[in-house]
Amino acid sequence: MKHLPKHLRPRWRYLAVGLEAWPDADLSRRTFQRALWYSAGNLLGDPGSADADLSLFDFSFSEGEGEALVRARHGHVEAARAAIACISDVDGAPVRVTVRGISGTVRACEERYMGRGSGNSVRRDIAFAGSDRPAVVRGDAADVETDAGRVGATPLDFE
Amino acid sequence: MYEAVHAHPEGEATVARFARTAAEQGYDGIVVRTREAEFDADAIREEYGVDVAAGVEIRADGPGSAGGAVGNFRPDFTVVTLRGGDDALNRFAVESDRVDVLSRPMSGRGEFNHVLAKAAAEHGTRVEFDFGPVLRSTGGDRVRALSDLRKLREIVDHYDAPFVVSANARSHLQLRAPRELRAVGEAIGFSSEAVAAGLAEWDAIVGTNRRRLSEEFIGPGVKRGRYEEER
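In order, the protein sequence lines correspond to chains F and W.
Using our numbering, read the first sequence as starting at 1 and increasing by one per residue.
Using our numbering, read the second sequence as starting at 160 and increasing by one per residue.
Since the hints were derived computationally from the structure, they do not count as laboratory data.
By construction, the Cβ of each residue, glycine as well, lies at the ideal position given by its N, Cα and C atoms.
Do not rely on the hints blindly, as some may be mistaken.
Restraint ranges, calculated between C-beta atoms of paired labels, are given here [as the list claims (entries may be wrong)]: (1) F/Arg30 <-> W/Gly226: 25 to 33 Å; (2) W/Arg204 <-> F/Asp26: 34 to 42 Å; (3) W/Gly208 <-> F/Arg124: 21 to 29 Å; (4) F/Ala148 <-> W/Ala247: 30 to 38 Å; (5) W/Gly378 <-> F/Gly130: 37 to 45 Å; (6) F/Ala127 <-> W/Val302: 43 to 51 Å; (7) F/Pro10 <-> W/Ala247: 28 to 36 Å.
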């Protein structure tokens, strides 16, 4: 079919989303996309989801950290932000989502807000709450295994 | 804007980790609701540029034990919140001048009405809008939480009772940035400004109580300072 004239084509906004989870979380593009759609469906309903028309453009995730590029229709960015904020877990794994910024083009969004990983994570024992415990340390964040479950910490807690 | 959090050992992140995350999300500070949490506020401020206020969230069986707990903790904690969710506790919290925040008034069997709203306005007890279930629950639980929030909002609005907003995070993964909470608030019937005001109200509590707990403060309107030499 012939392309729509320019003034009738949808205008898009691209949201850069930072992701964080426990180090053993296994997030994939597919599961995150499903979580995004469910979240939009549940918060905004079918009409609202159709208006925001969210789609996942880019996704990367490894070792408890990642980022995603979500496309939303211009004028529905706040609804998109709300739907994204309501993603609390993906396939049972708790995640933190933070919208880092919004741009009008994929390229501007990538250049300004993406590619901020804090590097590789290291497995080592740290002294936490009175004894040595296994932890995954990534930049200035450390996820510690304790008897009572996992605890998020930083070097201030063990150095 | 501040956010009030449940830290380790009650929650799954230390105060420092909360502070690191809150700084990334654009908060000015955090209020720690966990009495047992250990932290070094000065080190955290230096490292992450985020203010940390010590607080306590009192969970009591009834007004009697709640009163004792408030008396015990008030001198040592900047922010005293009382977990509601029971009619007698809700009533006690809004009628007490020494309680800063009534948290989760609608959880459990708790109810809220015009009498409590008026008392909250009179005694300056902030009523908490808990966004936790909106962000993290699904299905019927979420619908109930949303309808409770709507009811609470209508009553609080009408009587101009003071309020705070919080995501009630129990781990750094549950924190949401102020802009995100404002967007969620708009989606569920709050105005973006109201959510921002609810987050900023924590700052006001921290500021007022720090002044009150400082040595210069003697009583409302009375403080130790330099006397006037001439008129």
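Consistency of the hints with the structure:
As the Cβ distance of F/Arg30 to W/Gly226 is approximately 54 Å, the hint placing it in 25 to 33 Å is violated. The hinted range of 34 to 42 Å is satisfied by W/Arg204 and F/Asp26, whose Cβ atoms lie roughly 36 Å apart. Restraint check, W/Gly208 to F/Arg124: a C-beta distance of roughly 27 Å satisfies the suggested window 21 to 29 Å. Take F/Ala148 and W/Ala247: their Cβ atoms lie about 32 Å apart, and the range 30 to 38 Å holds.
Between W/Gly378 and F/Gly130 the Cβ separation comes to about 43 Å, which falls inside the hinted range of 37 to 45 Å. At roughly 46 Å, the beta carbons of F/Ala127 and W/Val302 sit within the given window of 43 to 51 Å. For the pair F/Pro10 and W/Ala247, the supplied restraint of 28 to 36 Å is violated, since their beta-carbon distance comes to about 55 Å.
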